[in-house]
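Trainee: Residue numbers (our numbering), protein chains in the order written: chain A, 1 to 321; chain B, 1 to 321; chain C, 1 to 321; chain D, 1 to 321.
Rather than coming from a laboratory, the hints here were simulated on the basis of the structure. All values reported here derive from a predicted model rather than from experimental measurement. Even glycine gets a Cβ: it sits at the ideal position worked out from N, Cα and C. Some hints here could point you the wrong way.
[Stated by the list, open to error] Listed below are the simulated DSS-like cross-link pairs for lysine-lysine, each with C-alpha atoms no more than 30 Å apart in a straight line:
| no. | chain 1 | residue 1 | chain 2 | residue 2 |
| --- | --- | --- | --- | --- |
| 1 | C | K285 | D | K53 |
| 2 | B | K285 | A | K56 |
| 3 | C | K285 | D | K285 |
| 4 | D | K56 | C | K56 |
| 5 | C | K54 | D | K53 |
| 6 | B | K155 | B | K285 |
| 7 | A | K54 | B | K53 |
| 8 | A | K54 | B | K129 |
| 9 | D | K285 | C | K145 |
| 10 | B | K155 | A | K54 |
[What the hints assert, rightly or not] Each pair of labels, with its calculated beta carbon distance range:
| no. | chain 1 | residue 1 | chain 2 | residue 2 | range |
| --- | --- | --- | --- | --- | --- |
| 11 | A | A291 | B | W217 | 44 to 52 Å |
| 12 | A | R16 | D | K8 | 48 to 56 Å |
| 13 | D | G219 | A | D127 | 39 to 47 Å |
| 14 | B | I171 | A | D293 | 47 to 55 Å |
| 15 | B | D127 | A | K54 | 35 to 43 Å |
| 16 | A | D127 | D | W217 | 39 to 47 Å |
| 17 | D | W217 | C | G294 | 31 to 39 Å |
| 18 | B | E288 | C | G219 | 58 to 66 Å |
| 19 | B | K54 | A | R27 | 18 to 26 Å |
| 20 | D | L73 | C | D175 | 52 to 60 Å |
| 21 | B | Q213 | D | W217 | 24 to 32 Å |
The residues making up each chain are set out below.
There are 4 protein chains.
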Amino acid sequence: MPRRNTEKMFDMAKLRQTAEKCDNWGRWGPDDEAGTLNFIAPEDIVAAAGLIKKGKVFSLALNFDNQGPQVGLWGNRFNPIHTMLATGTDAIAGIQDENGIRYADDMVSLPLQCGTQWDALGHIFLDDKMWNGYDAALVDSNGAKKNGIEKVKDKMVGRGVLLDIARHLGIESLDEGMAITIDDLDGCADAQGVEIRRGDFVLVRTGMMEQRQRDGWGGYAGGDAPGLAFETAEWIHQREIAAICCDTWGCEVRPNETEDAQQPWHWVVIPKIGISMGEIFVMGKLAEDCADDGVWEFFFCAPPLPVTGGVGSPLNPIAIK
Amino acid sequence: MPRRNTEKMFDMAKLRQTAEKCDNWGRWGPDDEAGTLNFIAPEDIVAAAGLIKKGKVFSLALNFDNQGPQVGLWGNRFNPIHTMLATGTDAIAGIQDENGIRYADDMVSLPLQCGTQWDALGHIFLDDKMWNGYDAALVDSNGAKKNGIEKVKDKMVGRGVLLDIARHLGIESLDEGMAITIDDLDGCADAQGVEIRRGDFVLVRTGMMEQRQRDGWGGYAGGDAPGLAFETAEWIHQREIAAICCDTWGCEVRPNETEDAQQPWHWVVIPKIGISMGEIFVMGKLAEDCADDGVWEFFFCAPPLPVTGGVGSPLNPIAIK
Amino acid sequence: MPRRNTEKMFDMAKLRQTAEKCDNWGRWGPDDEAGTLNFIAPEDIVAAAGLIKKGKVFSLALNFDNQGPQVGLWGNRFNPIHTMLATGTDAIAGIQDENGIRYADDMVSLPLQCGTQWDALGHIFLDDKMWNGYDAALVDSNGAKKNGIEKVKDKMVGRGVLLDIARHLGIESLDEGMAITIDDLDGCADAQGVEIRRGDFVLVRTGMMEQRQRDGWGGYAGGDAPGLAFETAEWIHQREIAAICCDTWGCEVRPNETEDAQQPWHWVVIPKIGISMGEIFVMGKLAEDCADDGVWEFFFCAPPLPVTGGVGSPLNPIAIK
Amino acid sequence: MPRRNTEKMFDMAKLRQTAEKCDNWGRWGPDDEAGTLNFIAPEDIVAAAGLIKKGKVFSLALNFDNQGPQVGLWGNRFNPIHTMLATGTDAIAGIQDENGIRYADDMVSLPLQCGTQWDALGHIFLDDKMWNGYDAALVDSNGAKKNGIEKVKDKMVGRGVLLDIARHLGIESLDEGMAITIDDLDGCADAQGVEIRRGDFVLVRTGMMEQRQRDGWGGYAGGDAPGLAFETAEWIHQREIAAICCDTWGCEVRPNETEDAQQPWHWVVIPKIGISMGEIFVMGKLAEDCADDGVWEFFFCAPPLPVTGGVGSPLNPIAIK
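Could you put the whole structure together from the sequences, leaning on the hints where they help?
Mentor: Structure (structure tokens):
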């Protein structure tokens with residue numbers, strides 16, 4: 001059972017100790033910009049293809065529009081602004097006919113992490129460094145010269161496993177502040193009868209997404225949330241998974257388990273482990289299907305939008321059973 | 001051999017005749033917004049999974065940045081504008097430390113069809129109508145109430161087939177104005193030993209992408225290009241393929257084969273056939289691999305970014321062998 | 001004393017009757033795109049210069065930033081998004097030194113009517129027409145081909161008069177729904193000892209701006225507000241003023257005085273009278289100064305940002321005494 | 001006669017020497033963020049009002065649209081992107097009638113220095129400092145905490161003087177690389193019979209704007225240009241003018257007079273003198289009028305758009321005679 005964390009469970013010494021324990025810098029050479037995605041072997045992808053047995057496709061994306069979860073709690077993030085460059089109303093007014101074609105066209109402005117998203121490895125720094133030891137100054141106003149999201153554009157494919165913590169606990173959604181521990185992760189996998197393997201994309205469901213879609217976003221993006229306990233950084237490191245995804249805005253539990261750092265788990269898992277993190281994933285329908293057929297593994301294809309130098313990416317993650 | 005088109009190969013009567021011949025309105029009911037993507041059956045997806053034999057992943061996306069192909073030739077399209085909301089340089093200046101975390105964040109503004117893209121079914125109108133007979137006025141300044149890209153967010157998965165016309169012809173790239181005919185498509189498939197089936201994603205390579213990546217974009221986006229002849233609309237209709245993708249900005253040959261309409265093939269294939277169209281796909285490396293192993297079919301997963309009411313979508317299409 | 005309006009004070013017949021009574025179409029020729037700004041004569045500007053006696057300058061603009069009043073109540077308006085293209089933190093990190101200069105640069109995205117603004121004459125339509133009888137279809141996705149804000153870029157200069165209705169009534173702010181009548185305008189002018197003349201920029205202060213700056217925006221932008229009664233359209237027409245400005249988001253009283261139209265006063269004053277309207281002006285300090293010295297007239301210079309084809313414009317209006 | 005500069009007229013020692021000579025830090029107290037705009041006294045504004053004799057208004061702004069001068073030569077600047085949030089074509093299609101009003105609405109995205117603009121005092125750094133000695137790190141991804149453009153929103157009013165160097169020389173436009181010297185400034189003022197005074201807004205016309213408006217922008221924004229010689233920094237300092245404006249993208253001559261710094265004059269005049277700089281001003285019609293009546297002074301009102309933390313501002317400068 002996830003525990004309600006206190007904000008004084010650990011201090012900076014513990015944080016730094018964990019960071020050292022989980023250090024993957026140099027593991028894939030000094031020039032690596034993919035981190036734990038390197039754990040995925042071609043044979044893993046072939047094996048994952050074997051999980052496609054029903055031909056059933058799930059999109060795990062929230063639609064991108066001005067009804068998204070951003071309410072100004074984090075940095076300068078805002079909801080997507082979708083505007084038209086040409087419309088059907090223009091077309092039928094005859095405005096376009098001199099050009100010999102009737103069409104609509106459009107544009108969008110959006111923070112790369114405003115909705116369903118990947119955090120790129122350049123998103124979080126530990127002191128003056130980012131993943132693999134690159135200087136933080138390599139991410140300036142022109143974008144990320146290292147660890148940009150475009151560097152992994154062909155790497156987000158493999159075996160997906162859903163750990164439905166909420167369903168495992170028999171509740172609709174975990175409450176804000178509930179910390180999912182290593183025991184929770186292992187217990188859920190055991191109960192579901194699914195094994196976590198090297199190179200997996202692990203999707204952790206708290207139920208918060210469906211609860212907020214029904215009741216209103218409130219502080220969903222930037223506020224308190226259930227999520228992974230700090231200790232799970234070590235589990236991630238040991239299990240050698242490829243990526244971790246969640247149905248909350250930031251994967252880790254909030255309020256945080258320490259008052260000495262904000263998002264302490266982020267301090268470790270992105271810069272030191274080098275793991276790609278998926279956030280604001282919509283897993284409700286996939287979870288229902290898994291509960292129905294008892295199969296919690298699937299083929300997973302979650303290509304980022306390769307914005308050059310991007311430290312994140314909106315995306316439409318696809319699970320196929 | 002593709003023929004060099006003249007701009008007087010047909011007139012509006014022929015265009016309208018073809019539009020009627022290729023009419024799929026109502027085929028999947030009056031409420032359909034997916035068009036030919038309906039041809040993909042679950043068993044097709046399972047079968048396509050069987051094409052994953054090497055575990056080799058290809059991204060067919062151009063990176064999204066200000067070096068893209070848009071030079072102002074079409075409507076108001078522009079290259080992506082990527083700006084930072086927080087940077088590593090801020091982080092190391094200590095600016096963020098009061099918040100207890102060091103991070104970078106960013107945003108992008110981009111036309112949905114400025115780079116590698118899907119045309120949504122709401123993108124092109126025939127007279128006052130769009131796909132399945134919906135009124136064009138349903139696409140106003142607030143976006144597409146019908147046929148928006150978000151409606152197909154879980155449908156872009158299946159068997160992909162590459163028809164490498166350039167390689168088939170033994171040339172680096174087809175010239176602008178070269179029209180790929182039905183005979184070319186069939187001849188290429190035969191030569192490659194691959195069959196086009198119902199529900200396929202058909203990728204047509206002219207070689208123009210690689211040529212322009214080397215020599216500079218010039219009028220790549222909005223100007224002349226090699227591409228599909230008008231007659232191929234009927235081939236697309238008869239073959240019942242799911243989608244068609246190309247390595248040019250607009251799939252069809254330019255200059256167009258008539259002076260009476262701009263992009264006449266578009267007038268038919270999107271509004272009447274209801275086919276999703278992929279443009280500005282980067283197929284060079286995939287083509288090399290196919291030429292090497294002689295296998296021109298693959299698993300294809302090309303999820304659109306589900307911008308609500310979008311008449312197009314940037315994406316990162318993934319081919320897996 | 002302003003009256004609390006009811007939402008059934010008049011019907012569409014009355015609205016159309018007023019529209020006809022206030023019709024200025026053709027008054028300045030068939031090609032006019034400036035409307036009542038034509039009332040300003042060069043000698044008026046020279047005379048207005050004589051009002052500069054203290055050398056005291058007042059900016060009537062709200063700053064443009066993400067703390068603005070937009071909360072999603074009107075259309076797709078949002079608060080300004082200001083992002084950096086280069087920063088001082090980049091500079092001190094040494095990133096820019098290869099270019100031989102240290103600098104910051106920035107951009108903004110904003111609705112033209114999100115803050116202190118001019119409504120252009122292309123902003124509101126009566127049936128299928130806009131000011132001077134131009135077709136509404138001349139405002140398409142490419143902007144306003146007629147009545148764009150850039151057409152009046154050198155016309156927003158003249159005599160300004162402040163009517164401080166709140167102070168006149170001895171209250172801090174009028175309540176939402178309080179309708180300022182013709183008698184209120186005339187009574188306030190009389191009490192202040194100031195004459196309204198042809199070609200004037202008339203600034204009407206309700207006090208709502210200062211009240212909301214103190215208490216929070218709430219529904220300031222798009223919601224209920226005190227403001228001009230519908231009947232003032234005739235006063236505006238008869239007085240032949242150049243422009244009217246207010247400290248609310250839409251000048252006219254809300255809830256509106258009819259249920260048959262939204263913003264009925266707008267239906268008349270922009271398309272038929274052809275008056276430029278200033279909204280979200282900050283008049284508190286100017287009002288204090290006027291109350292102090294008893295002088296309610298001043299030199300007024302309020303240049304719009306000439307966005308080509310813009311149907312509005314953010315601006316920084318300047319009053320000088 | 002302006003001289004053609006060589007790129008080796010001075011070195012960094014000279015640059016730093018000049019910077020020290022022109023140092024105004026602390027002159028208006030440690031908290032000042034307005035710099036030389038402090039030279040404008042209320043009585044100067046009253047006197048300037050006396051220059052309004054004809055009631056003739058000149059807008060010195062380029063319209064803001066996608067035909068602007070930005071071609072990618074400087075940083076990430078681009079031309080304004082104006083898009084519609086609601087249109088007249090929507091209106092006549094009846095889309096809006098359920099809301100009881102027919103209207104158009106719009107937005108713009110633009111670099112604050114893409115067109116007619118003020119450089120804010122936070123725009124340029126000398127080493128790690130900006131105007132008045134503030135740390136450059138105070139300009140981070142959130143904008144300028146010090147020396148933002150909003151700090152001077154009520155200060156851009158006073159006496160304007162036009163120095164029409166091109167007309168003085170009897171040429172249409174100075175060539176790229178022609179450096180305007182102190183002698184040129186003084187000679188032009190003498191020839192025009194106009195005195196430069198403390199607190200003036202000095203507008204320097206090279207003729208390049210009109211030449212490029214006729215012949216195409218080319219490298220107008222970011223490339224070579226005629227402009228002020230480095231030595232004029234001392235003239236600016238001694239004359240105690242309030243601001244300097246030019247009809248080029250960057251006021252100073254390009255190629256620069258040294259190879260050791262880019263825009264060396266900027267290094268001095270903004271951070272050390274604290275002068276506000278206007279760029280891309282359109283002075284052709286004003287210059288004609290001045291040549292006609294022999295009066296080269298006027299009332300000048302050039303309010304910046306007060307974007308909070310902006311390091312520049314688009315604007316519509318107004319000259320009135």
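Trainee: Of all the hints numbered above, which does this structure not satisfy? Sort the numbers upward.
Mentor: Structure breaks hints 3, 8, 17.
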